[in-house]
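Colleague: The lines below spell out each chain.
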Amino acid sequence: MANVLVVAEHLDGALRKVTRSVITFARDAAELTGGDVDVLLLGSDVDAVAEELAQYGVSRVLYANDSAYANYLAENYAPAIAAAAEETDAAIVCAPASTTGKDLLPRVAASLEAGMVSDAISVSDDDGLKFRRPLWAGNVITTVEVVTPVKVVSVRTTDFDAAEPSGDATPVESFDPGVAPSETAEFVSFDQVKSERPELTDAEVVVAGGRGLRSGENFEMIMDLADTLGGAVGASRAAVDSGYAPNDWQIGQTGKVVAPQLYFAVAISGAIQHLAGMKGSQNIVAINTDPDAPIFQVSDYGLVADAFEAVPELTEKLQKLVD
Amino acid sequence: MKILTTVKRVTDPDMKVKIKPDQSGVVTEGVEYKMNSFDEYGVEEAIAIKEEHGGEVVAVSIGPSQSTKELRTAMAMGADRAILVETDADLDSDAVARVLTEIVQREEPDVILMGKQSVDSDRSQAAQLLASYLDWPQATFAYDVEVADGWATVGREVDGGTSTKRIRLPGIITADLRLNEPRYASLPGIMKAKRKPLETLTPDDLGVDIAPRVNVLKFEAPEEREAGEILEDVDELVDRLKNEANVI
Ligand SMILES: Cc1cc2nc3c(=O)[nH]c(=O)nc-3n(C[C@H](O)[C@H](O)[C@H](O)COP(=O)(O)OP(=O)(O)OC[C@H]3O[C@@H](n4cnc5c(N)ncnc54)[C@H](O)[C@@H]3O)c2cc1C
Ligand SMILES: Nc1ncnc2c1ncn2[C@@H]1O[C@H](COP(=O)(O)O)[C@@H](O)[C@H]1O
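Residue numbers (the numbering used here), protein chains in the order written: chain A, 1 to 323; chain B, 1001 to 1248.
In silico DSSO-like cross-links for lysine-lysine, where the CA-CA straight-line distance does not exceed 30 Å:
#1 Lys1002/B / Lys1069/B
#2 Lys1016/B / Lys130/A
#3 Lys1242/B / Lys17/A
#4 Lys1218/B / Lys130/A
#5 Lys1020/B / Lys130/A
#6 Lys320/A / Lys194/A
#7 Lys1018/B / Lys1034/B
#8 Lys130/A / Lys1018/B
Footprint (simulated), chain B over chain A, 3 or more residues, beta carbon under 8 Å:
#9 173-184
#10 248-262
Hints in this document: simulated from the structure, not taken from any laboratory.
Glycine included, each C-beta is placed from N, C-alpha and C at the ideal position.
Extracted from the complex, chain B is given alone in its bound form (with noise of 0.2 Å):
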């Protein structure tokens, strides 16, 4: 079984991120990355299937040349090989899928895992554009995964509880957080990942056009919400509730 995995670059999620003052992006001096969170699901569900049916992992990236790390991060966890495809644009969802689809082409992989969503970019969008591009099935926001016979059977996170669903491999997963518990890479594990192959590629040598279909004009701060007030005790609160508030 060959497997494919997604990692993405992001802003570590516990640090606050700051606008430029020209509104043109985000603040990038002083700022830490590590893979998106979801893709440590997804490369961790990857590398139980491969050990559970045995196989490859191939993990790939689409991002600045530091992206490395986060692949070399993926191959300490036990992917065995890794793929950078190096640019320094943003791309939007669709870009990564149409590069994807061209990386898909060359590997041939039997299943493949990706994030549900970026935590940085929020958008939940590139592994279901790249099923429909490849006319895959897919079946996103898994909580549990059974690969057996051709097929996959997954658990699905839900809006009103949870589904389940089948498809036929070929197929793409998305990783929700209650997948798994994704493994920490060992010493050992991080001295193998510096010789694994790690290739190099440009979107040109793949032939793909990244100009995004979504153009982001603008970044701004939200509204902030201004703190409220700290109440004496129960009777305060329900009395500000009914006559302050008028909620009750």
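Same shape as in the complex, but just chain A (with noise of 0.2 Å):
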């Protein structure tokens, strides 16, 4: 018992790019355990995302293609992994700490009697295997390690390269996990904010507005920066909670945490609980009036400027760049 068991996550019929730096840990956890990395998969009639997972070179792929799983609940799909954890022999099961990761894991996690790590950074050996993550918002770093023998696992994503594909491609094996739906969990529905950008996890850039902004109107400029650069639109939670931007925009501890090449925080002060969930970015800019503003403690470039001339003067400048 030494595998790695990675859970896919998928959206519109695609594979979500965070299930690739989930491989990625695997990778980096079956070294240490000297498994394989296997990678199950539940959906209904997604054979195209079992496709593209045979192409990272993992050992084993199990697809659970049943009506059962075609709308993700926890209570139908953690059994299926319970039962896909002990088909593969697994010592680590893993997945994305999305909502669908955060929601689902610690019921695998009971099932199988493990210990849970949430929001894993690292995983070393040092006399046992060890797990690195964040907690209090991002201002401690915590070292653990779980004494269960199955260790169940939610991966940080931006903290590990997305896994290329390898070539040789995984035949892909269907799995028939033999549990019953639930009779007490419902799916409804999934109301998706559609969009032409990218999902905020995955883009290289990311253009976030703040209560500063006074607006859900004058969030419009916002969109516009992003736009010329092809990168996401964020915001901080006093934007999202007075209403100027949606909540699947929120960025901090308790909303998505990004990591892209260039991040903009425009008319967002820098709590930590916002600095949270952006501070790995690679390059970060800041737009405020207050030059006290405790962004300004963690951007590499401040502009101590009205937000309502600096980003239009930036958009219409970096459009002529990029022409």
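Hey, can you piece these two chains together into the complex? The hints should help.
Modeller: In structure tokens, the structure reads:
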């Protein structure tokens, strides 16, 4: 029992990039345990996702193709994953620390009598497997060990590069977890925020706006700047709470964690809970009227300026460069 | 309807935590504590459900004796009584879930309201573990809850948008920040809370072994980013982004 099982996540019939980062984590872990990396796909007629998963050089791709998995429900997915963990002799079961992973993995851990690590940012072997994880809104990093034989891990995907296809395709095995669907939980709907922009967690550029923008209409200039650079749009919690931006845009301790090449914090003060979601970005630009705003403590480039003037000017000048 | 709601005592999220020089934990001297932010939303929702459907709200905390303060706050908001499972041990979410499993077996609630995550340990596990141990359905990250005819219909905040799920009660719901506006404890509420029943138990009384499955070995500060430069104007920013950071 030394194998590592990755639970794949997909959306709109395509593999989510976060899963590729988990494959990288799994490779790191399998190197330490001396086991193989296996992948489990649960879904209904998502053959294209199975074909894609076959490209990453893993040992086994288990595909449970069943209408019971058409829509995500923790109550149906968790027992299926526990069955797959037994089938593959998994020592580690891992998935992205997405909302799905967070909802799902503790139930898997309970079924497998396993301890669980949330938001792992590294795995190492130092007299047994050790994981590092952030907590206290990113102000503390702990090193932890899991004492149970099976370990369940949600992976903070911004800390791992997305795995690239490796050439040889793994044969896809169909897998029947043999679990009856739950009678106490029902999926009703998923209302997706459709957008032409890249997903926040995948984007190379993120432009985020805060409460200082004062209205939803004023977020237009944030979107214009993002679109000029092909980036995604984010927001502080205060901007979301004030109704300027949808909740799906929230970045921070209790929102999404992003680590793009370039992050713009516009009219965001830089509370620790916000920093928790973006301070891993490679380059941070802050635009704020207050020279003492804490965001300037973590930004590489700061502009003490009124966003209403600086952002349109910046968009215009960058647009000229891009054209 | 009997509603159980959980309340964790955590360090004030607005304070910066300091790590002990020997890396064995965080400094607790001079630190302020309060109810976990997400639990405030859970308590509020529990009281709102009671106001609509009648019944009783029981608040539960597992932690040091000082956690009676957070339990009194929950009762001042409107919870009817409270249970403290007293321990000074550092618990992992699994131990919390195992203790709560015993409490649920004693109390037999119809619905449990919890927070989506502790803002100190940032784990987001206890509710889902508890649901699994009880073999109950769960609806995490709730922004909207309707209870009717033995079911709860829950709007959930998920990656990519929102999602709606129905769970048959008994079930567990975890609160996200936009679920409601937690009420303030009124002065009469605070006075009344002093006389509401608060039962104290220990993990031993419940027969639960609280040994963690996840041991924390070391606490460290993250690498700090260095503050960069304040630039003159937009032109300089464009120039630096293009020629120094090479990101345009
Ligand atoms: C438990 C908990 C969890 C939380 N989780 C999160 C989270 O995940 N994400 C998050 O973001 N927050 C989170 N918060 C909230 C966080 O503490 C802050 O309240 C929030 O980040 C502040 O948002 P803001 O910077 O947009 O607003 P403010 O702090 O109000 O800052 C607005 C800024 O805009 C500037 N400004 C005003 N006008 C202009 C202008 N014309 N041009 C340029 N600048 C201008 C001001 O100088 C100010 O710095 C959490 C809080 C708690 C307690
Ligand atoms: N010691 C505790 N006492 C009471 N409730 C707790 C405790 N620990 C966790 N919880 C509840 O479980 C939720 C999730 O906690 P966690 O798994 O630590 O993120 C919290 O929001 C609380 O509602």
